[in-house]
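Student: Below, each chain spelled out in residue letters.
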Amino acid sequence: MDLKKEVLEIEGEIKKRIRNELGIRKRKKNVKKKAKDNEKMLDRISEKQTTLLFVPGVEYSETIIDMIRHLNQKKLCYVTINKTQESLKDLFKRHKISTDNIFFIDAISESIKKIPSQTADCYFIKSPKEFKEMLKAVSKFLSLGVDYIIFDSLSNLLVYEKNYSIKKLIFPMIKQIRKYETKAIFLVSVKEQEGLIRDCAELMDHSFVTWERAQSQLII
Amino acid sequence: MKAKMKTIMIVDDEEDIRTTVKTVLEKNGYEVITAINGDDCLMKLKKENPDLILMDIMMPGTPVKEIIPKIKQKVAYLSVVRISEAEKENLLKSKNIVDFIQKPFDIDELVKKVKRILAKGL
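Line order of the protein sequences matches chains A and Z.
If you count the first sequence from 1, position 25 lands on 29 in my numbering, and the numbers rise without skipping.
If you count the second sequence from 1, position 118 lands on 103 in my numbering, and the numbers rise without skipping.
Worth flagging that the hints you see were computed from the coordinates, not collected in a lab.
Just so it is clear, CB atoms sit at the ideal spot from N, CA and C, and this is done for glycine as well.
What the simulated footprint calls covered on chain Z by chain A, stretch by stretch (three residues with Cβ under 8 Å from a Cβ of chain A suffice, anywhere in the stretch; the number is not a length):
{"hint": "1", "region": "37 to 45"}
{"hint": "2", "region": "48 to 61"}
{"hint": "3", "region": "69 to 76"}
My request is simple: use the sequences and hints to build the entire structure.
Tutor: Dropping the structure here:
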């Protein structure tokens, strides 16, 4: 191989490594920036009693982790209708987040495995469609004086019930929450396309993104 | 001699999933039957004998954990809900559960998995 060719190959390899390194740094920077943004958002959320939180599908797990880490000193009641309690505990454990202050209402596990009706830190509901039971469980935790109810998620409820039926659960739940000092965060997962749209928007010369404006109005 | 066409049953309460998966599997040379939930699946199994059942883990009607013991065919779960690795392992311990496929899935990946499961004759 002649010298010129060899130099070009080495040069190409160096450029490739630099690009990779820059890519890794950029990704790390993005993760840090996202965590900071989430911190700011969570500070704002803590000023209000009830919050509807729209989360892009691609950032869903990260947002939950940041949120639970942020609220870790508080007593939480986590209502899950898209993951089992066990998988949530696994997720938090992997991120070194203690679950000592978290009580769960799990509407998934009962459908897939044999479990008792409740354990020391979890109340199991037969299915996400059992609204009465879910409301009863939430009321119980409210009366026990939890600081936050995390409802994960309203968008998943749509898999099981129609809009009008969901209102039958959420209206009385909000009413119950307002009787107490407890704060509540209702998560809504925005479809996966949100991520794609954001990525494409970065490539365009100009694009209107109403998301930021929407986000500022979501904290009610 | 022409080989017998393999039959797959899709059990899912979401019509979109049933239609999409059915179309793709049929294009790949499978015969496909569908059921809208576990109870419908049991009813159809009285007449049909699919080589594989792709079943959503969370559906209205009788819970899937009560349907599975009544089925002798191979079942691969389709799941929109997230479960832990230990829970997954436990589910796969049932003799006829052959796979656990997380939704949303890549349709080509699903076809590959189906082909692998049926080729293995698990």
